[in-house]
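> Take these sequences, add in the hints, and give me the full structure.
According to the numbering used here, the sequence shown is numbered sequentially starting from 2.
Accuracy of the hints is not assured; some may be wrong.
Computed spacing ranges between beta-carbons, pair by pair [unchecked claim]:
| # | residue 1 | residue 2 | range |
| --- | --- | --- | --- |
| 1 | 130 | 58 | 42 to 52 Å |
| 2 | 52 | 132 | 32 to 42 Å |
| 3 | 87 | 60 | 34 to 44 Å |
| 4 | 128 | 17 | 32 to 42 Å |
| 5 | 138 | 59 | 19 to 29 Å |
| 6 | 130 | 64 | 21 to 31 Å |
| 7 | 56 | 25 | 35 to 45 Å |
Don't read these hints as lab results, they were simulated from the structure. The structure displayed is predicted, hence computed values, not measured ones. Yeah, the Cβ is synthetic: ideal placement off N, Cα and C, and Gly gets one too.
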Amino acid sequence: MTCVVDASIAVKWVIPEELSDRADRLRAGYDEMLAPDLLLTEVANALWKKTARREILPVEADGAFALVVESGIDLRPTAPLLARAMQFARRLNHPVYDCVYLALAERERASFITADRRLLRRVSARRLRLPVVDLRSL
Numbered sequence: 002m003t004c005v006v007d008a009s010i011a012v013k014w015v016i017p018e019e020l021s022d023r024a025d026r027l028r029a030g031y032d033e034m035l036a037p038d039l040l041l042t043e044v045a046n047a048l049w050k051k052t053a054r055r056e057i058l059p060v061e062a063d064g065a066f067a068l069v070v071e072s073g074i075d076l077r078p079t080a081p082l083l084a085r086a087m088q089f090a091r092r093l094n095h096p097v098y099d100c101v102y103l104a105l106a107e108r109e110r111a112s113f114i115t116a117d118r119r120l121l122r123r124v125s126a127r128r129l130r131l132p133v134v135d136l137r138s139l
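Here is the structure:
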């Protein structure tokens with residue numbers, strides 16, 4: 002089985018936080034994990050925020066980022082996904098950068114797994130014909 006994961010999942014793999022145990026189990030349950038290459042930018046930003054809030058040290062952020070890069074996620078180019086992501090963004094009234102993951106999941110006919118509650122609320126309100134899974138449910 003194939004799934005698309007976002008930065009909310011990838012960060013949980015490398016920094017202990019709520020639901021990290023479920024994110025770890027997720028890795029064992031899928032043959033292939035995909036993400037747009039945007040994931041690396043979002044993970045880097047999340048790790049920067051954690052250093053700015055003094056939750057982790059810069060050296061920990063650097064190590065965590067390296068682990069995500071080496072995690073085996075199959076990264077796909079973001080650019081071809083943007084037109085569809087903009088359509089999702091307008092429909093959901095939600096930022097394009099999150100909708101890129103939806104566009105990839107749709108294109109690859111894969112489940113999209115996230116811990117992003119705001120995105121999950123938007124998707125559930127619009128009933129997309131796309132399997133979107135809340136990490137909390139796994």
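> Output the numbers, in ascending order, of every earlier hint that fails for this structure.
Violated: hints 5, 6, 7.
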